[in-house]
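Work out the full structure, taking the sequences as your base and the hints as a guide.
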Amino acid sequence: MPIHDQSYRHWDGELKSHTFRWWAITVEGLKVLLRRKLFVIFILAPAIIQFLVFGGMIYGVNTYTFFMNMNFITPEFFYKFCMRQSFFIALICVFAGSGLIANDLRSNAFQLYLSKPLTRLDYILGKSAIMLIMLGFITFIPGILLFIEHSVLSQDSTFFLEQYWIFGSITLFSLILIIPTMSIILAFSSMTKSYRYSAIMFMVIIFGTPVIGALLREILRLKWANYIQYWWNMENLGRELFGISNTTNTWYWSALIMIIITVISIVIIYRRIKGVDIVK
Amino acid sequence: MTPIIETQNLSKWYGQIMAINDMTIKISNGVIGLLGPNGAGKTTFIKLIVGLLKPDRGIIKVLGQKSWNNHSINNRMGYCSDIDNFYENMTGFDFVFRLALLNNYKKSLAEEFALKAIETVEMTDNKDKKIGSYSKGMRQRIKLAQSIVHNPELMIFDEPLNGMDPIGRQSAIKLIKQLGDNGKSIIVSSHILHEIEAMTDNILLINNGRILAEGNVHEIRELIDRHPHNVYIDCDKARFLASILVQYDDIISAKINPEDSGLIVETIKPDELYSRLPKIVVENKININSLYSPDDNLQAVFKYLVG
Amino acid sequence: MIIRFNDISISYGNFLALNSVTLDIKGGAVGLLGPNGAGKTTFIKTLLGLIKPQSGTGEVFGLDIVSQKLNIRQKVGYVPENDCYISGMSGVGFVAYMGRLCGMPRKESIQRAHEILQYVRMDDERYRLIETYSLGMKQKIKLAQALVHDPELLLLDEPTVGMDPKGRQEMLDLVKDISQLKGINIILSSHLLPDIEYTCQDVIVLREGKLLISGNIEDLKSQHQRMFEIKIKGNEEQFISELVDIGIMCNKTQGNLLRISLPDDIETEALFNIAYKNNIQIRQIMQTKYSLEDVFSQAIGGE
Chain D
1 MPIHDQSYRH WDGELKSHTF RWWAITVEGL KVLLRRKLFV IFILAPAIIQ FLVFGGMIYG
61 VNTYTFFMNM NFITPEFFYK FCMRQSFFIA LICVFAGSGL IANDLRSNAF QLYLSKPLTR
121 LDYILGKSAI MLIMLGFITF IPGILLFIEH SVLSQDSTFF LEQYWIFGSI TLFSLILIIP
181 TMSIILAFSS MTKSYRYSAI MFMVIIFGTP VIGALLREIL RLKWANYIQY WWNMENLGRE
241 LFGISNTTNT WYWSALIMII ITVISIVIIY RRIKGVDIVK
Chain E
1 MTPIIETQNL SKWYGQIMAI NDMTIKISNG VIGLLGPNGA GKTTFIKLIV GLLKPDRGII
61 KVLGQKSWNN HSINNRMGYC SDIDNFYENM TGFDFVFRLA LLNNYKKSLA EEFALKAIET
121 VEMTDNKDKK IGSYSKGMRQ RIKLAQSIVH NPELMIFDEP LNGMDPIGRQ SAIKLIKQLG
181 DNGKSIIVSS HILHEIEAMT DNILLINNGR ILAEGNVHEI RELIDRHPHN VYIDCDKARF
241 LASILVQYDD IISAKINPED SGLIVETIKP DELYSRLPKI VVENKININS LYSPDDNLQA
301 VFKYLVG
Chain R
1 MIIRFNDISI SYGNFLALNS VTLDIKGGAV GLLGPNGAGK TTFIKTLLGL IKPQSGTGEV
61 FGLDIVSQKL NIRQKVGYVP ENDCYISGMS GVGFVAYMGR LCGMPRKESI QRAHEILQYV
121 RMDDERYRLI ETYSLGMKQK IKLAQALVHD PELLLLDEPT VGMDPKGRQE MLDLVKDISQ
181 LKGINIILSS HLLPDIEYTC QDVIVLREGK LLISGNIEDL KSQHQRMFEI KIKGNEEQFI
241 SELVDIGIMC NKTQGNLLRI SLPDDIETEA LFNIAYKNNI QIRQIMQTKY SLEDVFSQAI
301 GGE
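Residue numbers (our numbering), protein chains in the order written: chain D, 1 to 280; chain E, 1 to 307; chain R, 1 to 303.
Note that these hints are calculated values from the structure, not bench results.
Incorrect hints may appear among the rest.
[Stated by the list, open to error] With a straight-line cut-off of 16 angstroms between C-alpha atoms, the simulated EDC-like cross-links for lysine to aspartate or glutamate are:
(1) Lys45(R) with Glu235(D)
(2) Lys237(E) with Asp83(R)
(3) Lys26(E) with Glu6(E)
(4) Lys303(E) with Glu267(R)
(5) Lys193(D) with Asp83(R)
(6) Lys277(R) with Glu214(E)
(7) Lys174(E) with Glu293(R)
(8) Lys237(E) with Glu269(R)
Quick look at the structure:
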């Protein structure tokens, strides 16, 4: 046949299995995110720079004898790193997370997603993984890298043997910082079609509750007012994990609060997605 | 008879985009189909007529007066836009009634007019339900009702049949034709050419902000002579008929259709062809099953002029 | 038999959307018609496995609509009516993404996306963000994403709404090509009967949740033997009176057409005799058929 058919051809290639179908959503979501130059320059880059600063400190401590005698790199060092990155966790949630589901609701994307062989769980997994990866990239990964850096560079050979548990603490604390926070932003994102509203609601919880809690504590002298503050709970748990807590037994309440927040958020997300009516 | 709408060198632009480009036209009463591809300037033109936009250059006069910022002619116009925005919590009747009140009618009169308009669009059974519960076709009907409730002289309907089911479309077409027969002026903008054809023969075709053609669609067709007229003839002696017809100068081609007994003749003077056809048929005892001109319609006019 | 519904009923709360619907669709191109609220949208949702029926069973390509909905969706492409897209993506990126959501490997999804976009005649626009597309382009993208995984059934919901005549014709020609030359089954839900007549062979009419009619369009349009619509130019009264003289009854319709019924023993030649004698032009002779519209109105009105 000298003249080839330029029109529609059938396709009978092999399909990939369903188990990692959600990964396509994640990859695409990350690509779209990283195309946003303002996001990369003003949020990701500073987060990475902070990591580099801490890395530099470790290097400096281990290389210059002036610092070596100071017991600078303690568990608290790693704890401080994680807590300082939490600022960027919040920013990433606001800029990357606020529209993740809201934009799909607004642009009627569910009509497309749900007419494909994709379950609602796939969708939620895919979207969550975007946040998890993005946030893990600035807390967990750099945290572990810092730990490894110091373990390798340290003149004190007992560091790793005695403080190996810091590895676990960094992992756990990263998850504690990431999971509730990303659940909250995804929950708000699923509740509205406007990424602006979800961002605002999120900021009320993240930045507003510390203010309200502090006011209640100072003005009304309420002892439990601290538990309202989002980051205070995080600090509580972090200190406990890194062995630097100064008050006893209050981390139970903080853990409970975080678990409740996460569960409520997940329930909200699931119910909102389930209820999307795709064909009018 | 004064034209209902009159423009002179009318121009309107948005930044660098030229929406209406030096349009001069007079529109008289009756039903007129406003056609054009997407982006041609139809919506801009309509908004200029209704007074929602001010001309950047030139004049537009509606019902004898300038349309921009002119409240005195507003109640003589009815506008059914293509946008689907309502007060979802109002009932259909409420909506039409309150819009009728805006014309300064007494409450009882507004009620009466609203009920009549609702009946005309066949929404009487649903008038007391909330608009939020209406289907698309029902919303469209209520929109139509509010545009005719005050019995305006000039009505402008932008895609009025959008979303209606076939039966609704038929009754709407009938209604529009009837309003035209009763002496109202109606401008209907639509993409569905065969529906415009069912409503009227008068069209205004615009593209790129300029007028391409105005008037009776058949006259326009006849003037488009770079596209000769096709006439389809289905008869028992197709080849024989073809051989006779090609002897005439105005016949450009005669094509035999291999699949049936039909013949497609291209002519630059259709009138001459039709004049001599009875004689040929009778003298040669040809039996014609069907005869029609497939491109003497709005679709062809549109295609040939817009491309 | 590509779709089989057996006594399917679906209600939303108190509202019965589909009422004991039993139907068989054997394939090809089928039009889906019905007044607003008839159950067409519910029907589509059921095919996509988005709703579980309260009673009855259904199969698409032999797959159960409740337990195998993901497999059904693998074989179905849906072209939604409403505006829908995913923000931040180019046309080709979007279509390829949709392919991956169906399980296509990455490289194949990209190659296939380009091929489909070529087929629907989208050139350089495919590299632009979808948010910048005109309405016609958005419709094409919707069609492309439904075809990327090579479905066996294409569901189109009002595919030509809002398009200008040229765009409509292009879309309908694509649908016709896909259905007739490429062998993909089509279900076209539309209010525009000419669209359905142009592209489909069969039709299903729903009303208030029930199946009213299902059948071949040509069969449903019975031919009125020997009824014609005539258009003339000339002395109309003379023409009509001479018709009556030879026994042909004649009505004038809207649009200046004459409707006549020819008795068995008279041919159209008689008309031309009269025209020749009186210097009248006959410009149109068409045998009238029931249109799909007549079928529809009779079906709906008859209940």
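Hint-by-hint comparison with the structure:
| no. | hint | result |
| --- | --- | --- |
| 1 | Lys45(R) with Glu235(D) | violated, 48 angstroms |
| 2 | Lys237(E) with Asp83(R) | violated, 53 angstroms |
| 3 | Lys26(E) with Glu6(E) | holds, 4 angstroms |
| 4 | Lys303(E) with Glu267(R) | violated, 36 angstroms |
| 5 | Lys193(D) with Asp83(R) | holds, 15 angstroms |
| 6 | Lys277(R) with Glu214(E) | violated, 36 angstroms |
| 7 | Lys174(E) with Glu293(R) | holds, 15 angstroms |
| 8 | Lys237(E) with Glu269(R) | holds, 13 angstroms |
Hints 1, 2, 4 and 6 from the earlier list are contradicted by this structure; the remaining hints agree with it.
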